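Residue numbers (the numbering used here), protein chains in the order written: chain A, 1 to 169; chain B, 1 to 169.
Bear in mind the hints are in silico, worked out from the structure with no lab data behind them.
Note that identical chains are pooled: a pair holds if it fits in a single copy or bridges any two copies.
In silico DSS-like pairs for lysine-lysine, Cα to Cα no more than 25 Å straight-line:
{"#": "1", "residue 1": "K101", "residue 2": "K74"}
{"#": "2", "residue 1": "K101", "residue 2": "K165"}
{"#": "3", "residue 1": "K140", "residue 2": "K101"}
{"#": "4", "residue 1": "K101", "residue 2": "K122"}
Please read all numbers here as calculations on a predicted model, not as lab measurements.
Residues per chain are reported as follows:
Number of protein chains: 2
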Amino acid sequence: MDAAPDSSIDGLAPLERQVVDFFVDGVRVLGLPRSIGEIYGLLFISRSPLALDDLVQRLGISKGSASQGLRMLKSLGAVREASGNGNGERRTYYEPAVELKRLVGGFIREQIRPHLESGQSKIHRLAESARAEDDPEQRKFLEERMERLEQWMRSGGRVLPILQKLLGQ
Amino acid sequence: MDAAPDSSIDGLAPLERQVVDFFVDGVRVLGLPRSIGEIYGLLFISRSPLALDDLVQRLGISKGSASQGLRMLKSLGAVREASGNGNGERRTYYEPAVELKRLVGGFIREQIRPHLESGQSKIHRLAESARAEDDPEQRKFLEERMERLEQWMRSGGRVLPILQKLLGQ
DNA sequence: GTTGATGTTCATTTTTATTTGAACAATCCG
DNA sequence: CGGATTGTTCAAATAAAAATGAACATCAAC
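Based on the provided sequences and hints, a complete structural model is requested.
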C-alpha cells in the first residue's frame, strides 16, 4: 500500500537480505535447515533483539518454523533471550551469540559429539563380531579394519577440544 | 535359486550390512548422500577391490548412483583405482583410501574450502555496503558486525591446516 | 473465569535432494 | 565394420527434509 522506510517487498533491506542469504548458505554447509540461517542471520544484523513475531513478519516464515528454529538455535547456544523485559512485557526477545567459540562449542556438543559417541559404541560391537570370524585370514583383515575405525574415532575425540580451543580467540 | 556362501537377500553378509550402515550414518553427518556411504562402506569392508558392477549388484543400487558416487569419492580422494588390471581387464576396480589424513584433506579441499572462499568474498562485498551506510550509529554497528564475520573467516582459515596436521597421525 | 496475546505441537503440504533407468558414449576385439 | 562390455549423462520419478498452519497450551490482566 505504501512505501516503508527502507524496505517493502519482503520486509528486508538489501543489506539485510544479503546477510540473511549469507547465513542461509552457511548453515546449509553445516547440514542445518534454511530457516535456522534466516533467523540467525536476521538477529545478527539487527541492532535490537527481536521477538518471534518479528521474525515471522520480517522473514515471511510461519510461526511454526520460527518457534522450532528458535528452539534449535537456543539448544546450540547460538541465541539467547535478551535481558530486560521484566516489567510490562511477557513476550521474549532474542539476540544472537556472536562469539565463535560459543557457536562452535554448541555445534560440537549438539551435533558432533552425539554422533561420535554412538559411532564409538557401534564400532565396539562390530569389533566383537569381527573377532568371532572363523577364517583366520578374513578375521585378521576385519580386525585390522576395525582397529582403523577405532583409530579414527580416537583422533576425532582428541581433535575436538583442540579445535574449540583454537577457535576461542 | 540357490544359497550363496554367506549372504543372499541383499547380497551382503550381516557384518557387511552393519559396516555399510555405519558409513551411511557417517556420511549423512557430513551432508553427503546415502549412496556415498554405501559404496565407501562396502569397499572398506571388502578384501579385494570392487568394480562398478559389483557395487550395483551387491548394494542393489542403480548404475547411475554407483557411477556418480564413485566420481564423488574419487574427487574426495576417498577411493582409488586398484593397480594391476593391465592385461585382459578393461574394467576398473576400486579400493578405499583408509588414511584419515587423506579423507579429511579431501573433504576440506572439496567441501569446505570452496565455501570458505566464496564466503570471504561475499563478506568483503557486504563490508563495502556497510561502509556506505548514512546514519553513523547504524554504520558503526554494521562495521562491527562485518568485522566479526571477517574474524570468523580468518579463524576458519587458520584452523583448517592445523586440523589436517592433527589428524595425520 | 474470560479475554487476548504469546508460544508450541504435529499432521499435512511443499520443497529439495537423491536415485533411477534408458539413451548415449567409448573402448575393445574378432 | 559390428557386437559385446563398461561406463556416463540427465530428465523423470521417488524419497527425504523442511515449512506450513490450525488446533492446542500457557499465562497475565481484568
